[in-house]
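The residues making up each chain are set out below.
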Amino acid sequence: MVRVFVEGADDEKFIIKIIQDLIKINALLLPKKTNFKSYINIMGNKMKLLDASQSKYKQVTEEISLGEIKKVLFIFDCDFEKDDNNCNGLQASQKCFYDLKERLDWSIPIDFYIFDKNLDYFLVNTIKDKECYEHFDNLVECLEVENLRPNKKPIANLYRDLYPYPQFDFKDDRFNPIKQKLLNLFKEQK
Amino acid sequence: MSDHFIKNIEIKNFKCFENFKAEGFGRVNLIGGKNNVGKTAFMEACAINIYSIDISKMTDVLGSPKLAREFLEIGSRVGASKEEMQSFLELANHYSAISNINDVEYNIMDSDGIKEYNFQYKNKNFKVNINDFSFERTKQNNIKFITKLGFTKLQLKQVFISVQKKDKEEILYSYINEFDSNVTNFKIIGGDEPSAKVIDRDIYQEINEFGDGLKHYISIICSLYACENGYLFIDEIDNGIHYTQLDRLWKIILTISKDQNVQVFATTHSKECIESYARVAKGLEDDEITFFKLGKNQEGEIKGMVYPYDWFVDSIEQEQEMRGW
Chain A
1 MVRVFVEGAD
11 DEKFIIKIIQ
21 DLIKINALLL
31 PKKTNFKSYI
41 NIMGNKMKLL
51 DASQSKYKQV
61 TEEISLGEIK
71 KVLFIFDCDF
81 EKDDNNCNGL
91 QASQKCFYDL
101 KERLDWSIPI
111 DFYIFDKNLD
121 YFLVNTIKDK
131 ECYEHFDNLV
141 ECLEVENLRP
151 NKKPIANLYR
161 DLYPYPQFDF
171 KDDRFNPIKQ
181 KLLNLFKEQK
Chain B
1 MSDHFIKNIE
11 IKNFKCFENF
21 KAEGFGRVNL
31 IGGKNNVGKT
41 AFMEACAINI
51 YSIDISKMTD
61 VLGSPKLARE
71 FLEIGSRVGA
81 SKEEMQSFLE
91 LANHYSAISN
101 INDVEYNIMD
111 SDGIKEYNFQ
121 YKNKNFKVNI
131 NDFSFERTKQ
141 NNIKFITKLG
151 FTKLQLKQVF
161 ISVQKKDKEE
171 ILYSYINEFD
181 SNVTNFKIIG
191 GDEPSAKVID
201 RDIYQEINEF
211 GDGLKHYISI
221 ICSLYACENG
231 YLFIDEIDNG
241 IHYTQLDRLW
251 KIILTISKDQ
261 NVQVFATTHS
271 KECIESYARV
281 AKGLEDDEIT
291 FFKLGKNQEG
301 EIKGMVYPYD
311 WFVDSIEQEQ
321 EMRGW
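As you go down the protein sequences, you meet chains A and B in turn. With my numbering, letter number 39 in the first sequence gets 39, and the count goes up by one each step, no holes. With my numbering, letter number 23 in the second sequence gets 23, and the count goes up by one each step, no holes.
Honestly, the hints are just simulated from the structure, not real lab data. Wrong hints could be hidden among the right ones.
[Claimed, not checked] Simulated pairs of lysine-lysine, DSSO-like, Cα-Cα distance not exceeding 30 Å:
{"#": "1", "chain 1": "A", "residue 1": "K48", "chain 2": "A", "residue 2": "K153"}
{"#": "2", "chain 1": "B", "residue 1": "K115", "chain 2": "B", "residue 2": "K139"}
{"#": "3", "chain 1": "B", "residue 1": "K34", "chain 2": "A", "residue 2": "K37"}
{"#": "4", "chain 1": "A", "residue 1": "K13", "chain 2": "B", "residue 2": "K271"}
{"#": "5", "chain 1": "A", "residue 1": "K70", "chain 2": "B", "residue 2": "K12"}
{"#": "6", "chain 1": "A", "residue 1": "K32", "chain 2": "B", "residue 2": "K115"}
{"#": "7", "chain 1": "A", "residue 1": "K58", "chain 2": "A", "residue 2": "K71"}
{"#": "8", "chain 1": "B", "residue 1": "K271", "chain 2": "A", "residue 2": "K70"}
{"#": "9", "chain 1": "B", "residue 1": "K271", "chain 2": "A", "residue 2": "K56"}
The model shown is predicted, which means the values in this text are computed figures rather than measured ones.
All chains should be modelled from the sequences, with the hints used to inform the complete structure.
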């Protein structure tokens, strides 16, 4: 059994979509009826995900010691450096993750993937080449919400609502690193 | 939680357990895990541990699980012959379990061709030459073990007496009617025929003529009353029970076990049963429950993990796999 740790429900949905795409293109072999949610732990937010004292981690520590969980992957946002948080920005996020890893002291393979800024920003970047994209920016500018919601969530949500599946082109090269992390995670998984 | 509840246990050299430890049990404990990871054996080990308060009871319980499996009848085989009992005790050779309740050990020693039963319980130790052993058995009435084969009619009759003594018949009838709206009342007709009344035909029908689920359901309810201040073990709790009845069954178990101060251990393979257990416990805000997951590590050793209420409910809500690994 493997486990992916994410911040929130949107991250979980995104990871499941990527897994489903990997299965669809035969890059990943998992039974069709797999409940993908069973591989994912939602920690609530970044602060909780990076906090080794969380009850969920105590539970997982036991599950690892029993041999149930054999590999884990942490996926989270690096967020914005300007925000007042010790773990924001890529370097600080990495440092906080290494601290977490040290405190957890799990004796299994542990990998991580950090989104540039955040998941929404990442997703929006992958649709920036579309001709219509400027309209999203215009809308955000017109509504004057950029300062209130700088994380691109309004655009990402609007895009998700407007477009049928597949909302994002997983063939885009920018998805390759996270795809590879997931493939490594599930490799030789029983 | 009550002092008489098993909170931790260490089992050595018993069936599939070589050196096994688990701790953190609650009032009601559901056990999950794949086939052959020792779910039933774990309950047997617990039952032997708490049952062994003297030699005759220890003899009874060491022979009972085997009796149940070999003859499909536990209660009606109380009169097993000396030779049969000797073979059951031979097969039960090597048992050791220390819990917060009791420190129990049993084995057969052979010195110079003379075989001795070695019984240890409650810090007492007895060695008895096999040829001199009486094989006398006595029962501990507030400890019951419902095997996957279910109760015999005699066993059902015995636990129903507790319902009668406690004037709980009306409650039992209402539970039966909730289970099947065409069935009500439960009686022992003619002294030994457990029967329930079919409403639309206005007749009493022998319990074995209904589906297995109803008999299992009644056995569990009556046993909860019979096990006041004791223990109830239920193997494959959802045997014969339709998934739509599971919430009702768990509500009954959680309610009566609390009222009667009974510690319950039960096994299942069913996802629906596990989810129902979590749902009902959360609804009743009953945090004295646990989920106990058994599995094998890479070395093939059996390991177990007790999920307290919070971990269990959270894991179910996050749709984690709880049926073992």
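- [ ] Mind checking the alpha carbons of K13 of chain A and K271 of chain B for me, to see if they're no more than 30 Å apart?
- [x] Holds - the C-alpha atoms of K271 of chain B and K13 of chain A are around 23 Å apart, at most 30 Å.
Open item on the list: Check the hint pairing K58 of chain A with K71 of chain A against an upper bound of 30 Å on the C-alpha distance.
Closed with: The hint holds at about 16 Å.
Open item on the list: Would the hint linking K271 of chain B and K56 of chain A be met if the CA-CA limit is 30 Å?
Closed with: Distance ~21 Å between K271 of chain B and K56 of chain A Cα, so the pair holds.
Open item on the list: Between the alpha carbons of K115 of chain B and K139 of chain B, is the straight-line distance 30 Å or under?
Closed with: holds, 26 Å
- [ ] Starting from K271 of chain B, check that the Cα of K70 of chain A is at most 30 Å away, please.
- [x] Measuring from Cα to Cα gives roughly 23 Å; hence the hint holds.
TODO: Starting from K70 of chain A, check that the Cα of K12 of chain B is at most 30 Å away, please.
DONE: Holds, at about 27 Å.
Open item on the list: Hint check: K48 of chain A vs K153 of chain A, CA-CA at most 30 Å. Holds or violated?
Closed with: holds, 20 Å
Open item on the list: Against the 30 Å threshold, does the CA-CA distance of K34 of chain B and K37 of chain A hold or violate the hint?
Closed with: holds, 20 Å
Open item on the list: Against the 30 Å threshold, does the CA-CA distance of K32 of chain A and K115 of chain B hold or violate the hint?
Closed with: violated, 58 Å
When the structure is compared with the earlier hints, a violation turns up for hint 6 alone.
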